[in-house]
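Number of protein chains: 2
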Amino acid sequence: MHRTRETARATLENLYRIFTVPEAPESTLGEIDQAISEDLAGFLQTHIVAIERSIEEIEADFSDSTIPEEPTYVSEYTEFVKQNLVAQSVHTAAPGFIGHMTSALPYFMLPLSRIMTALNQNLVKVETSKAFTPLERQVLAMLHRLVYRGENNFYDRWIHDSRYALGALCSGGTIANVTALWVARNRLCGPSDSFRGIAQEGLPRALKHLGCEGLAVLVSRRGHYSLGKAIDLLGLGRDNLVLVDTDAKNRIDMACLMAECQRLQRDNIRPLALVGIAGTTETGNVDPLEEMANLAAELDCHFHVDAAWGGPTLFSERHRHLLDGIERADSVTIDAHKQLYVPMGAGMAVFRDPTALSAIEHHANYILRHGSKDLGSHTLEGSRPGKALLVHAGLSIIGRKGYELLIDMGIEKARAFSEMIRQHPDFELTSLPELNILTYRYCPAAVQAALAKATDEQREQINQHLDQVNQLLQKDQREAGKTFVSRTRLQTAGSARQITVLRVVLANPLTTDDHLKSVLDEQCTIILQQDIQELLQYVELLCAGINQPPTSACA
Amino acid sequence: MHRTRETARATLENLYRIFTVPEAPESTLGEIDQAISEDLAGFLQTHIVAIERSIEEIEADFSDSTIPEEPTYVSEYTEFVKQNLVAQSVHTAAPGFIGHMTSALPYFMLPLSRIMTALNQNLVKVETSKAFTPLERQVLAMLHRLVYRGENNFYDRWIHDSRYALGALCSGGTIANVTALWVARNRLCGPSDSFRGIAQEGLPRALKHLGCEGLAVLVSRRGHYSLGKAIDLLGLGRDNLVLVDTDAKNRIDMACLMAECQRLQRDNIRPLALVGIAGTTETGNVDPLEEMANLAAELDCHFHVDAAWGGPTLFSERHRHLLDGIERADSVTIDAHKQLYVPMGAGMAVFRDPTALSAIEHHANYILRHGSKDLGSHTLEGSRPGKALLVHAGLSIIGRKGYELLIDMGIEKARAFSEMIRQHPDFELTSLPELNILTYRYCPAAVQAALAKATDEQREQINQHLDQVNQLLQKDQREAGKTFVSRTRLQTAGSARQITVLRVVLANPLTTDDHLKSVLDEQCTIILQQDIQELLQYVELLCAGINQPPTSACA
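These protein sequence lines map, in sequence, to chains A and B.
Numbering-wise (the working numbering), the first sequence opens with residue 170 and increments by one.
Numbering-wise (the working numbering), the second sequence opens with residue 170 and increments by one.
These are computed hints drawn from the structure, not numbers from a lab.
Wrong hints could be hidden among the right ones.
Copies of the same chain are indistinguishable here, so a pair counts whether it falls within one copy or spans any two.
[Claimed, not checked] List of simulated lysine-lysine pairs, DSS-like, C-alpha gap at most 27 Å:
| # | residue 1 | residue 2 |
| --- | --- | --- |
| 1 | Lys251 | Lys542 |
| 2 | Lys542 | Lys644 |
| 3 | Lys251 | Lys644 |
| 4 | Lys651 | Lys542 |
| 5 | Lys686 | Lys418 |
Since this is a predicted model, take the numbers as computed values, not measurements.
Build the full structure now, drawing on both the sequences and the hints.
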């Protein structure tokens, strides 16, 4: 009994320690912490093991579903994290890791993130966030201004009018897209006459009130998969997410879009929103936003632009014209954790009309009271961290011109890389870079020549084998852990069906031409592996027949 | 021209510096960083200014909507952050800040957060998260086990089977609740016969297929406001969020719940889900989960438990019985940034049936491919940070017994505080603490006595004035910045309408009885202010008439 009491006291003391005593600098965790502060790149280089363990092997380290009964020493736990988690994580900041939308982070993001974590503000309400509330509103106004270029008096009027909001900060582009379409839906189906609005009465009654069979969202085939989630979530059904064909440049085909709109009209389905893409995830292309804005105006429907990736192109004097028309969008998604170089978990949607978000306004008794300054009354999420600080820091420290340089460098780099691919006999460019994303595939010159002459059936057969080659190539390169590209499936101009392509995103300012060259060099080495060579030999055999057809017997 | 080129080169060099050179230890940011590492409590104490500047004054510091053209020095920016943001933030970790669901954080969370930020993994796909993927699955299995107490073989079977998921990690309880109800809706309206499911065909067709007029979610009046957002988002309409009356203990009244179900049946509205609350936001009470589980079984509808706050009560051998029945829930929300003591921005929903989340499964070409290990195929959000590390760290380092102690301490503290209030002549307890949340109000003994005898009209008049008193009290205490309670409006057992009450959440292990005493002491001082005294004098006059009615003339 006495023993138990003593144990309890010891546990209690340990507990207080955990909450009151910082990690000693010479402790394992203290040392890691310092190593990260002093030399992040070096830390990542040293601690992330390049050699691949299979995910199944790694799973074994994380297979105990029991919550430990007894506390563990921080030092012991840290050792585990070092060996089993950090070592086996992905070096997303490496300059040769160009397959996804990741990059090195500006150094100042780390200590500022620590300040954010230490303050542990909750942005849902001003009582737990105070100065972070106007800070977040300022950030939203800055992004709003970047997109919509309003006048000073517009922002003076709206920036801190808490009954309204110029946008919503959230955990990422998906929530931003959902928020935008939620607003669009609730505005189209707002209260009128005896109908109290969709928020109150629901979708079926809203359709009855509008006198239509359904609401549709139209976007090109390159639309982000979050739109599928959004339309499902909103109750509209994926049947009503109309995926419109694209042109040879991966932009929405306006003729197809108009044809789809006519079809919808015939079916008595009302277009809820057109979604333009400013930087498709797979190819980085930008839809003809002006033309889409015109059509949206004609249809009197919401125009949303998913600029999660490409939004920051607006910083560039040279390239911002690519996004012309975005200022006519009703709402725009921009991800801060992408080209604003903020750590993972920060997105936002801005709305041209400061009253738009009122369509999803909500209140509660203990917070978000009418008239309060609480940001939470206009956001999908509830409790949220003070990520706005990091966006604010990026905008302030890097500045418009700094971001411009980053954007311009990325686009130049993509052009340089596409030139390298073009000049290499064994690679084929499958989408031209418009921003800083491009796709290509391994496809030897002889095969390229044969594909140009092949019948549909032959082309199909060749492409199927090339798909396997490129899939293996990507997998082996990822597993080798030196450089990394991703892969996707695209229907390109020359193909009747989707083919597997390699995908490259060039946003890391530390990526140089040498890194790009080494990505291709490594691929050329991987290609020499036996399994890939066997596939290629078969393809070459097929192509030889096409390139130099056997002389006809009767010639 | 030459000048421009030089400026550009300088900007470029600065840009590289930002991405490659860490903050020097003696720089302002380096110093703050170190100060936070060495003594977080001291840092917060020193840097957060207690004296209130009005939010309008603070807004002036964040009113420029123009993104700066030129880069700013990190040191200059840091000075701004120190003076204008940190100083004017809220000391949410202070032991006397007991008004919201905030607390001091365990120290190890800070360096581990830094590791998380530095690694910048993206959990949506295994290619950008590797070991973080099985780590997150393990965390979900641990929480699943805490709730559902499955056997080893169950977890061995499901923990790493990536075709399925035991739950979803997300940014917070709102997204968790939305996810749970989305799953519930899509399961009830799944594909059958010629109907391809609500995800595909949308809500109106789903209702037609089910042959009903609507789908309803039933929860007590104490339900979190996120449920209102969820039902709006899902297209069901707030009319179909049925807010059921509560009993004197703020728990759902089962008779009322059953009556509401009958009403729905008459109206041909199908109950989609019953939502039980394990720790209401305002009063910390727990619904009769067993009885609700029985009713849900009878109705054959989804049973969701919102245990965002109270879930970790399951760690306590002494108190876990309060949540009996939770193991029969189809889904459970638990917030890690609440009683798991993880920094802001981490919630989760766990699902009893590992196949449940398949109802919202989605895929894309470049990630989330069929058969991939990518977590993103079963989450509402897309890109997400590696917050699972922090949950994992808490569970490992604090352990089940550590969390038990924290829970037990909080509940004891709430009882102790309620005893202080009860013994104080001028305060009135308005809800009994069941977990570690309670409400009370300033209401002098004489007023309490009068209210017991008053007519409805008199009671109304007195309460209106008391509402103002308590509102001013809460506001002035917040503005003084020493201690903090929140306020809400509740319909209590004795009142015909809602009254304003003060709300206290006791989860910070550093809060002592002395802090609690000083909260009341400060309130007693604030009450002496003239504006409040004037209101009270009026109330006392009213009460004097009730307590000692003037002798009737004819007596």
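Hints that the structure is at odds with (numbers, increasing): Structure breaks no hint.
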